[in-house]
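Asker: Given next are the chains, with one letter for each unit.
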Amino acid sequence: MARAVTTQRKTFNTALAWIVGLLIFFPILWTILTSFKTEAQAIASPPIFLNFDWTLENYAIVQERSDYMRFLWNSVIIAGGSTILGVIIAVPAAWAMAFVPSKRTKDILLWMLSTKMLPAVGVLYPIYLLFIRLGLLDSRAGLVVVLMLINLPIIVWMLYTYFREIPGEILEAARMDGATLKEEILYVLTPMAIPGIASTVLLNFILAWNEAFWTLNLTAVNAAPLTAFIASYSSPEGLFFAKLSAASTMAIAPILILGWFSQKQLVRGLTFGAVK
Amino acid sequence: MGRIQLKSVTKSFGDVQVIPPLDLTIEDGEFTVFVGPSGCGKSTLLRLIAGLEDMTSGSMEIDGTDATDVPPAKRGLAMVFQSYALYPHMTVRKNIAFPLRMAKLEQAEIDRRVDGAASVLNLTDYLDRRPGQLSGGQRQRVAIGRAIVREPAAFLFDEPLSNLDAALRVGMRLEISELHERLATTMIYVTHDQVEAMTMADKIVVLHAGVIEQVGSPLDLYRAPRNLFVAGFIGSPKMNFIEGEEAAKHGAHTIGVRPEHIAVSDSEGPWSGKVSVSEHLGSDTFFHVHETGLAETITVRADGEVAFKHGDRIHLTPRSDVIHRFDAKGLRIE
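As you go down the protein sequences, you meet chains F and X in turn.
At position 165 of the first sequence (counting the first as 1) the number is 801 in my numbering, and the numbers step up by one without a gap.
At position 111 of the second sequence (counting the first as 1) the number is 127 in my numbering, and the numbers step up by one without a gap.
Do not rely on the hints blindly, as some may be mistaken.
[Unchecked claim] Think about it this way: if two alpha-carbon atoms lie no more than 20 Å apart in a straight line, the pair counts; the simulated EDC-like pairs of lysine to aspartate or glutamate are:
no., chain 1, residue 1, chain 2, residue 2
1, X, Lys90, F, Glu819
2, X, Lys110, F, Glu819
3, X, Lys219, X, Asp70
Hints in this document: simulated from the structure, not taken from any laboratory.
Note that the structure is a prediction, hence the values are computed from the model and not measured.
Isolated chain F (complex conformation) (with noise of 0.2 Å):
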């Protein structure tokens, strides 16, 4: 009997799983068939779930229209450039607090975190106007800089989390050992911390992939990113659904793909420390 209960509860855990999964989903599903209607299909009501004409015109206006490539060159140098300079800045961080930590430890980290309850429209004018003092506007240098400090608490975060798994006497035999600070964290912390450091790249890499507020608002030619290629079919007065799938479908492919190959590595990184 009591073999029955579980199976069933198994059955129904497993049901709901997948349902919430294919509702989460579903959005990027439909934007991903939507992508493959012409524009009178895309806006049918009622809507046309799978028998219509396949078509891949939306691709060729779309890549006629705009150069996808630039977009995404944009989007691998400021997603990649902030993620390689937060970690930079973060590995360090995370080291003092996790290894050295003093009293107000916590409370820095609480405070760095808190930072992102922000609302980001609010520190817009600011850092708008440094933008144009600084001559930043569009330039990439300038998306990589903000993108990095954005998420720079979550990096130093999650840096910390893993660090503190690793016993503090490994740390201390390198330093008897004769490294220095500088080759204690190179050589001994880093390659430990391995596994950690990916995952937190790794969803690093897809936050600021897909950052949208920041992107749209300091870039407008040379270093729009993917985020801006969407935007840029989103018009007014246009019912360009069709178009504007394709492009979404193609700004998010490469992430969508990245993604899948290392869900395994992300889903161990976020639980990390939870199930031990």
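Fit chain X to the known structure of chain F by using the hints.
Answerer: Below, chain X alone, put in the same frame as chain F:
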């Protein structure tokens, strides 16, 4: 090269002073053991010497040069940790080579020294493995290998054998003693196990609540413990302490008699009591004797097999020449 001198060293964590002012000299080539119950400050003292903790006040010299503010990496000391603290992502070869790499030695020299250490420690067949693939004893040997390749001024051991099982512990104990004979380098060894202290040390430092209770050779401590703490800590089984009338007879507040200095008989002897537990080891027999009117329990160690059992009434005779006398403050009376 490895004379270590501590001068009025103190250590506080916040408001708690774990080491009150302490002076200690460890001579070059000496095997010194810090021994004491857990929480006595022995590991803290070792970490102060290593430089892993900062002194609150006082100073330290290595070979006459002030090392108080020298970072651990520059003190020329090697340490073996209780948890081994091997680098899990490196092979045994890389683990042992790590300090040499940090010292920027040439690759040929690194290889020569690593191979040398590996052959001394029987690790040659394991050089390409990672620490996770080794047994506890092998890991400990890797940790020792990592320490010896550097040819340090002194070795620091922080309870290195406490994670090993009993049989392995005895073997490693011998290996470390042999290593000391061969290298003749200063070694400082922390343990809570007085048997390790007695068997390995040239000099034992008994610590209690951060204070040095006594410094001396193992047999000095055994023969002439300076106070009740040292008397009770050194020697196994523990020394018997007797207070009251019997002690007064010897002109002391407390007298101490070691279990091996009491003779047993079924008919003769000034003391008598009832055997509570008898432990027969073949080589020795231990009796825990109650109802003596002297102390809760008197422990006796008899050579060989002696056939008294639970409930037997026996007589005890202490050897008068080795009765230790202590005053009301617990200090030894000569």
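Asker: Decide, hint by hint, whether the structure agrees.
Answerer: Hints versus structure:
1. Lys90/X / Glu819/F: Holds - the C-alpha atoms of Glu819/F and Lys90/X are around 14 Å apart, at most 20 Å.
2. Lys110/X / Glu819/F: holds (15 Å)
3. Lys219/X / Asp70/X: Given that 20 Å is the threshold and the Cα spacing comes to 25 Å, the pair is violated.
Checked against the numbered hints above, the structure violates only hint 3.
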